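Order-wise, the sequence lines are chains U and D.
Just so it is clear: in the first sequence, position 62 is 62 by our numbering, and no numbers are missing.
Just so it is clear: in the second sequence, position 249 is 249 by our numbering, and no numbers are missing.
Hints were generated in silico from the structure; no laboratory data involved.
Any given hint could turn out to be false.
Stated by the list, open to error - With a Cα cut of at most 25 Å, we get these calculated SDA-like pairs of lysine to any residue:
| hint | chain 1 | residue 1 | chain 2 | residue 2 |
| --- | --- | --- | --- | --- |
| 1 | U | 117 | D | 200 |
| 2 | D | 4 | D | 273 |
| 3 | D | 4 | D | 16 |
| 4 | U | 117 | D | 211 |
| 5 | U | 117 | D | 17 |
| 6 | U | 117 | D | 210 |
| 7 | D | 4 | D | 18 |
| 8 | U | 117 | U | 162 |
| 9 | U | 117 | U | 194 |
| 10 | D | 4 | U | 144 |
| 11 | D | 4 | U | 160 |
| 12 | U | 117 | D | 5 |
| 13 | D | 4 | D | 193 |
| 14 | U | 248 | U | 27 |
| 15 | D | 4 | U | 126 |
| 16 | U | 117 | D | 201 |
| 17 | U | 117 | U | 164 |
| 18 | D | 4 | U | 133 |
| 19 | U | 117 | U | 154 |
| 20 | D | 4 | U | 123 |
| 21 | U | 248 | U | 234 |
| 22 | U | 117 | D | 10 |
| 23 | U | 117 | D | 288 |
Owing to the predicted nature of the structure, the values given are computational and were not obtained by experimental measurement.
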Amino acid sequence: MAGNGKVVRPFAFFRAGNQAHANPNQRPILVLEDVYKFFRPDVPTLRGVNLTVERGEFVFVTGPSGAGKSTLLSLIYRAQTVDEGRILFCGRDIARLTAASIPYLRRNLGVVFQDFKIIGHWTVFENVAVALEILSMPRRLVRARVSEALERVGLAGRGGELTSGLSGGEQQRVAVARAIVAEPALILADEPTGNLDPTLALDILTLFEEINDTGTTVLFATHDHSLLEARAHRIVYIDDGRAIEARKGLGAWADRRTA
Amino acid sequence: MPFKTAITRAARAMREDLRLHVVAISSLTVAFLCLAAAIFAVTNLSSVAESWARQGRMSVYLVEGASPEDVAQLRLLLDGLPEVREVEHVTSREARAELAREAGEAELGRLPADLFPASLEVTLAGGTSAARTAAIAERVRRVRAVEAVETYEAWFGRLEALVATGRVVALVLAGLVLLCVLFVVANTIRLAISGRRDEIEVLKLCGASNGFVRGPFIVEGAVQGILSSGIAVGLLLAAFLALRGDVDATIAALAGVRAAFIHPTIAVLLVVGGGLVGAAGSALSLRRYLGV
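Next comes chain D alone, as it looks inside the complex (with noise of 0.2 Å):
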């Protein structure tokens, strides 16, 4: 059956069927604004996680009285390390400045000195494995001058986990979008069948193939699909866009990275995919009306 032909047909199909097509539009589109909306949360979620990694830290405290030789020495053994980028000595008095500074509590800045553990803040290279900051840590922690390393595995450990299940439930709310939308697909084309059944009787008994009968129902399928994926993505953009200049800022004060909508790919994805769904569902629901 020639595309046009369906085209023609499915275009005149859905004219005539308008409020029912709307109504199957208008559904499809919440199930795939969820979807789309699990995947920006799991794409902004991974590039925090990233940004966190690409920093690799390591704070390593010294003990107190600590001398300048040995400081020194301790940050030759840093500095000659290829894994290790920047290494900055943080006093006792400047980290009880910091934390003042950083509470926005004055009366912190009294507290004695001493409370506050001299440091070594060490900036690791990007890319840096677990398993080698845990070597690095281990070989610093000998040295006499060290009181503690604080490599903040469990920090990111955590964030990824956290990573790892918004994936989870991502992948777990595509599936029932999916379910939702062939669900919905194939109860609009059965509706439409039902009152167009006249009509494939005809087409079958005039010598109509089934993909002859079947061509405009997958056309509507798709286009419903289509059509809702990509109002979907719409929508969340212009949410997006309307809230990005108010709750940017503080997102990137907060995770250390601007919020970014879904990458171009995915979202062209998502609406071809809801085509293919749509049509999917159009076929599935079909299948019985064929055998005249």
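Here chain U stands alone, though its shape is the one from the complex (with noise of 0.2 Å):
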């Protein structure tokens, strides 16, 4: 934080509720040009993957199990760097960071796991508000800001609770609850209805569509052709390593945004 109080935000640009636009200068929130990730030499994961998403979108990701779907998240989070090509958030190559510079990339996106990654010996409000504290965000405005994603996610009241003790479906919501608390521009969720019941699993996905419903752009990763089935978002289909447009969202999207 500043001497004067004001936050400072690296890519302060980052920010949701911005909708694709005419103006050039308003670049698509994710491009994916030909990236290549091999984890053994001549056998890629992902080969030659071209993706664009627009500011605003929600997007499915999808494939069999080791299709790479886990692994095309993660080079965007930067957990893993790509091997060819580029991939463009806000226009700038995140392969290109240096590692000083990562975490100013993941201030700015939002990231939902499978296995929820969150801390069962602290309570909901210290697991939500540690994407805050890392900004060295003042303590009442963390109250203010956590109490209010918390309200978003369905948990409202229950931030002095340990989260060891709440059930699977809570503690997922604590950590999409921990993924927009900070408002992302992006939020990446992998597989994150993967351990929860179909009815659980709709209620998650619901949480993300009106989190998508704000502004902020969603790519989530499932297996689940129910939840695919579901909803008439865009899918994005992995199989061996390369990306297939199964079905064009943009258009339901776009209808979505301006009814």
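Two chains, each in its own frame: build the complex with the hints.
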């Protein structure tokens, strides 16, 4: 935090709420250009993936287990580095970020995992607040923003509870609250419903859609066909390391926006 | 990362892993106690050496039957030297009586007095160098009434060698303690990290910088170092105060100086150094866990 009390936000232009725009300066939020990733020589996990995601879109990323969905997402939040090609986030090539810059990229992303990745011996409030403490946000503002995020995910008033005592669905809601509390431009959800029963899975999907309604772009990886059939979002199918446009959802998304 | 946040998170982590930290602090206390004890020993050996060096002495033994005129002339010569502070004439009888008194054996007083050479006991000014003492001894030796001159150089040499060895031992011990502290802190933090790897992963995925992740661990290491070195100094001080009454008079009689505790500045440096070494141990052990 700066001395005058103003919160310093690196990459402040990565804000939620920006829609696709005719202005060429308003670039797509995410562009993958001919992306390759090798974990074994000559056997690429991703081979020439091309993908463009506009601001405010909701995109399902699907495909069989081991197809490379999680790898694709991990390249975006820079847990992995591309071997060939480029990944542009708001026009910046994230493959070229230095190690010291990666935290600033992640502060503008919200990531939700299948295994929740929340700390069981921390309270709900602490699990969510950590995303703001990293930004050195004033305590008072942290309390207000965490309360707001918990209310959005349906956990209002439960900040003091230990997360280890929550159900699976509630734990995932905590993870979603942590992902949205810093108002990131893009949310990456890596099989967030994988550990939940069908009803809870639909609830969580609805929660992501509500977040998407506020303008946040969502990339939702799942292999659950019932979810894909339940909603008319764009679907990108990853098969044998290649990305295939399985369903154009942009029109539906645009229709929903103008409605 | 604000320091306050690091302290808050470190305090919480230490509460959660209290047993682990207590074990680590106990081990480190033993290590720091060894170091503090070595510094204490060297401090006191040095003060003994300094005290003896300050009290530069020389015994000028007179030939048998030296005339009072020759002795007076010799005293005149010695009194004229700027380094000589005091000259005392000890006759053969006085020498015999003194030996009998110091040895506590009355029988020695019955020995013939001519077995004990008369001497002039010379006290030199503080800071007189060994070379200058040797030069004075050489000059005095040429006087007709002088049979031999004892400058106690061999004794001082041995004492200085003893103190020098003590300093080397303390340095080696300090090096070993440093390694020991780094090892214990690094292992403690490694154990703490293994239980908190998920926490580190979450922090990194939320965009925490390495500094933010490191902060609480470094605070924990520093607290371990400060607490253990502080306790070690405290224990040594308690032992010193408890034993001083009994042994101080004996040491003062034997060595000519009173036992002294380590200098407060050194004690403070030991505690601050403990904190720094603890912090360094944490930082070193964390390096491999930050690549999420």
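Ascending list of hint numbers which this structure does not respect: none
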